[in-house]
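**Student:** Sequence:
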Amino acid sequence: MNTSSMVVRSPAVAGLFYPADAQQLAETIDQLLAGAEKYAYQPKALIVPHAGYVYSGTVAAVAYAGLRATAHTIERVVLLGPAHRVAIAGMALPIAKFFETPLGRVSVDQELVAALAHLPQVLVSADAHLEEHALEVQLPFLQKILGDFTVLPLVVGDVSAAAVTQMLEQVWGGAETLIVISSDLSHYLPYATAQQTDQATVQQILQLCQPLAYEQACGSVPINGLLLAAQKYQLTPHLLDLRNSGDTAGSHDQVVGYAAIAFNEKTGGAHEHEFNGTM
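With the first letter of the sequence shown counted as 1, position 270 gets the number 270 in the working numbering; the numbers rise by one all the way through.
Everything labelled a hint here was simulated from the structure, so no lab data went into it.
The calculated lysine-lysine pairs, modelled on DSS-like cross-linking and capped at a C-alpha distance of 27 Å, are:
(1) K144 / K97
(2) K144 / K38
(3) K266 / K38
(4) K232 / K266
None of these values were measured; they are calculated from a predicted model.
Input sequences plus hints: build the corresponding full structure.
**Tutor:** Structure, rendered in structure tokens:
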């Protein structure tokens, strides 16, 4: 690995999960955001799917559209997602100082990295981030909405929910810090079965009831950590959107579930209602 590749984490799924051309990517995200319903409160945390944009982009856009009103207050994003490619015991930070997408570079927040240095469950691994799509696909949306911000990217492997919560408490911050959990829901169930399964999972999340199992959500571990933190910090969850790949761009035979869920610190005016790119 050369020095430049250690400093900058290059995109791994540009041209696969989302457009590699900067103009086309920007236009795609603008179109998705334009079609998304807005919500009125400021979220402290979001659960957002991480499939190819053709599959889950409409759901992700709903989660991010509501940030526009308060985007100027958000300076940092704590971004957690599950490990799809490399087995990890703990939570992995990158070696890289920047994450790059076709829309530019995002700085890794070195102050927050330092704040986690004493935690035994947090390690540093370039390999964990090298091919991981779960975090990468969130960055273009965040770049379009927030503009200038720093990111604390963590790939979550085999670790307890309590250990995730402990990490979140170190970087919780105030209105300047947004937490994003990247996760899909059920994988490769028939359409009707997936709908029932995902609805039950969402109800569990809305009740702050953990643990979720991996079969319910590939990001179950970081979600479980967030749910524990949500209880402590009295966050209120709101379902923004719930669909699956059968609703967007896939068949009904085997679908992947997607939910957009926002957590805010005070109840407000909520509006309720694998490398093929589906996950």
